[in-house]
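Asker: My request is simple: use the sequences and hints to build the entire structure.
Chains as they are written, first to last, in the UniProt record's numbering: chain L, 1 to 230; chain G, 1 to 230; chain F, 1 to 230; chain R, 1 to 230.
Just so you know, the hints here were simulated from the structure itself, not pulled from any lab data.
Among the hints, erroneous ones may be present.
If several chains are the same, the list does not tell them apart, and a pair holds so long as it fits within one copy or across any two.
Said to hold, decoys possible - Calculated cross-link-like contacts (lysine-lysine; reagent style DSS-like; alpha-carbon spacing at most 27 Å):
| hint | residue 1 | residue 2 |
| --- | --- | --- |
| 1 | Lys136 | Lys99 |
| 2 | Lys136 | Lys58 |
| 3 | Lys60 | Lys136 |
| 4 | Lys136 | Lys188 |
| 5 | Lys104 | Lys124 |
| 6 | Lys145 | Lys58 |
| 7 | Lys104 | Lys60 |
| 8 | Lys145 | Lys104 |
| 9 | Lys124 | Lys145 |
| 10 | Lys58 | Lys104 |
Number of protein chains: 4
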Amino acid sequence: MRRGCLSSLLKGSNLSYLRDALCGHAYVTNAAYSSIGHKLSSTGSITGRVFADYSVYKGKASLSLSPVLPTFTRMEYGLRVDRQGKMMLRFCPAVGDRKYDWEKKQLFALSATELGSIISLGPKDSCEFFHDPSMKSSNAGQVRKSLTISPTQDGNGYFVSLSVVNNLLRTNERLTVPLTTAEFAVIKTACSFALPHIIGWDQCTSHQSTTNGEKSWKAGSLDSDSEWNR
Amino acid sequence: MRRGCLSSLLKGSNLSYLRDALCGHAYVTNAAYSSIGHKLSSTGSITGRVFADYSVYKGKASLSLSPVLPTFTRMEYGLRVDRQGKMMLRFCPAVGDRKYDWEKKQLFALSATELGSIISLGPKDSCEFFHDPSMKSSNAGQVRKSLTISPTQDGNGYFVSLSVVNNLLRTNERLTVPLTTAEFAVIKTACSFALPHIIGWDQCTSHQSTTNGEKSWKAGSLDSDSEWNR
Amino acid sequence: MRRGCLSSLLKGSNLSYLRDALCGHAYVTNAAYSSIGHKLSSTGSITGRVFADYSVYKGKASLSLSPVLPTFTRMEYGLRVDRQGKMMLRFCPAVGDRKYDWEKKQLFALSATELGSIISLGPKDSCEFFHDPSMKSSNAGQVRKSLTISPTQDGNGYFVSLSVVNNLLRTNERLTVPLTTAEFAVIKTACSFALPHIIGWDQCTSHQSTTNGEKSWKAGSLDSDSEWNR
Amino acid sequence: MRRGCLSSLLKGSNLSYLRDALCGHAYVTNAAYSSIGHKLSSTGSITGRVFADYSVYKGKASLSLSPVLPTFTRMEYGLRVDRQGKMMLRFCPAVGDRKYDWEKKQLFALSATELGSIISLGPKDSCEFFHDPSMKSSNAGQVRKSLTISPTQDGNGYFVSLSVVNNLLRTNERLTVPLTTAEFAVIKTACSFALPHIIGWDQCTSHQSTTNGEKSWKAGSLDSDSEWNR
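Answerer: Set out below in structure tokens:
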């Protein structure tokens, strides 16, 4: 299984890797690399793109999950989230024994709240999400994606099913991956870990000792975040 | 929804941003920035204020949560918490389709223990908290805030309701936001992540390998934190 | 409550602070400070001792918890735990309205496994631990400590009770603190966060990208940690 | 118990330590050490191998768990997992009162998904895993290992049992360790912490503020990780 996972990763062309750079280290510009590369290298953060999926490989398709971090815009008063994080699901159809066609993959990006319904899914619950990847563009409505998670009859797992109706390409695909209780427990645990990162709270809670040291010396200016604000 | 979130962030004036700097990176003084900025930049911690809320946007109001870290005072013997961390809730009334009035926001800051009752809230439980933001000041009792979380009738979510009676401004406001099970699951998961940071335990548990390396070389001095202390 | 917490912290003399330095940053020697202080200051880790407790203040006593990290010994082949981490509980008797006598505190240090029984405690469960702080010394058996956690009759919380029988001082003390469901939820959540740090696993899982980058270049030497080892 | 843990660690020869270097800091080459050692030392990551197990010591055998991180290969476009992480279980037979024979240890490495079934194990559930450590080699089938976790009759814990049939050495061993509810709660909590590290997601979620700052400046290039990709 594991080996299968790696081989399928290896099958992707560099181009597809570039298209799928889903992780937080993506898009470190060469400028950033060269200017602060040395320091970053000592903390392991000039790694550029990081490819770390949790993948399951089943008879008809594979499913891979990996977190996508929010992006921040630097303002003169600090960092502001300008693009929400998400959990990217990638489905690849099987094209032989443990072979999966990377080029035919289908993506589905879960928001923090959609992740919340998966994390809180009971053994007999099911949920469904509908996405239009070209919403608010001229192609709005041309592609309809729906993700369904429903329990297996024996109650020992779930079926995760992605349906993609593409009116532009005149395609209608459905990829289904059965998950065992163990595989779903990994997804719940890993997504619970990723959720605070996806909403950017790890940024609110890192490196605070120095900044807080500063804060405590100017407590006067802290009235601003007391409840008394009007 | 996501876009709505960002646009509403953008609506705030710089001044309101400054008033709402809720996160750990807030108040990095320029002094700190220039003295240790270079190193910090290599770890991404000279970001100044960070704005990362989890927000839900409903018909009558929006609710945004973000953690506020404790502040520490530097003493000759180390760092001591002098201001408790909290979870800041911000309610903004709706003033049109997906438009929310940032200037009319109401804040409610949950303590670690109040957060504990939310984290442990069962599907049929409810809880209520009462705050006086000007407690121990000459305005004590002039403003009474109460936050109520109660389950919806169908048991598929909660109503979060903030009531603010302000005798100084002669106002009496009530802002209510319904939460789905999925939205509440995000809040439970994210607040469980934030809780140890709010009580400062992440400071007790970071960078220990070096310090512990030191500790182990002078084990004699460690008798002090054995149970045998009198 | 919060204020009460801080004032009681302030009551301790420097000496008692030194005796109670429970956190990971404790015992950074001046040598370490000066040699690597500059770098550490950029990551906030030259904070020396850190005092961050979760404390509850009740009528007859206060209870404060804070994690104590394991210590490591540097060997030529790496770091080895030589002193287990623990969760330190500190009880202080009340000596007036929200005043607690720091000098009369009693300590009880929970091991990782004892912490496990608290984390897994059901609403109607109870547990008890017995410690002899001078075990294996000439004073063995002279001091007997027992910690009991038992549910309240209404099932809405627990009583945490520490009994200390000291034959050397001819004292027999019992300090009891009632905990609400919310307070116990904070303790469960915070102790679940602290547990991996107490057993040192955060050291096994930090800064891996660089080291792993190295590892993957010499995969041959990795056979050693496959299952095939004899 | 704790002391027992350390003494048994001390019993291992340096050679056995080298064979058992299970943690993320393993295999920092001297080259890496000298080139970036100084910086790393300020963040505690030049610790080389780290030995931090959670161990239980019972009458017939001991069981120790420690996480093994994934390894990454550096490609021109970033880091790619090339070796999955795992949770290493080490069983040592007892050879006297609290003495365990390190040289006769048996290893069993749990994959992320196998860890998922342990994390989701109910009080009355049991699970079994079968491994062939020499799978895909000329020795395939010569050694069969199976790990069984089954509840105790009183429902207050589990039996963890490792069976190793080695046709090459003509040995057939079975090592069983009973776990209390508290010990299993530690394992569940610590393994839930380790799981995201084992699948490498902590690499996707670290040091993002700088990289994201970069990302947000070239949002155009981010279309690539939207759902719209064909």
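Asker: Each of the hints needs a verdict: does it hold here or not?
Answerer: Here is how each hint holds up against the structure:
{"no.": "1", "hint": "Lys136 to Lys99", "in the structure": "between (36 Å within a copy, 18 Å between copies)"}
{"no.": "2", "hint": "Lys136 to Lys58", "in the structure": "between (35 Å within a copy, 21 Å between copies)"}
{"no.": "3", "hint": "Lys60 to Lys136", "in the structure": "between (33 Å within a copy, 24 Å between copies)"}
{"no.": "4", "hint": "Lys136 to Lys188", "in the structure": "neither (31 Å within a copy, 32 Å between copies)"}
{"no.": "5", "hint": "Lys104 to Lys124", "in the structure": "neither (31 Å within a copy, 42 Å between copies)"}
{"no.": "6", "hint": "Lys145 to Lys58", "in the structure": "both (21 Å within a copy, 24 Å between copies)"}
{"no.": "7", "hint": "Lys104 to Lys60", "in the structure": "within (13 Å within a copy, 43 Å between copies)"}
{"no.": "8", "hint": "Lys145 to Lys104", "in the structure": "within (15 Å within a copy, 38 Å between copies)"}
{"no.": "9", "hint": "Lys124 to Lys145", "in the structure": "within (23 Å within a copy, 34 Å between copies)"}
{"no.": "10", "hint": "Lys58 to Lys104", "in the structure": "within (16 Å within a copy, 38 Å between copies)"}
Figure legend: structure checked against the earlier numbered hints; hints not met, in rising order: 4, 5.
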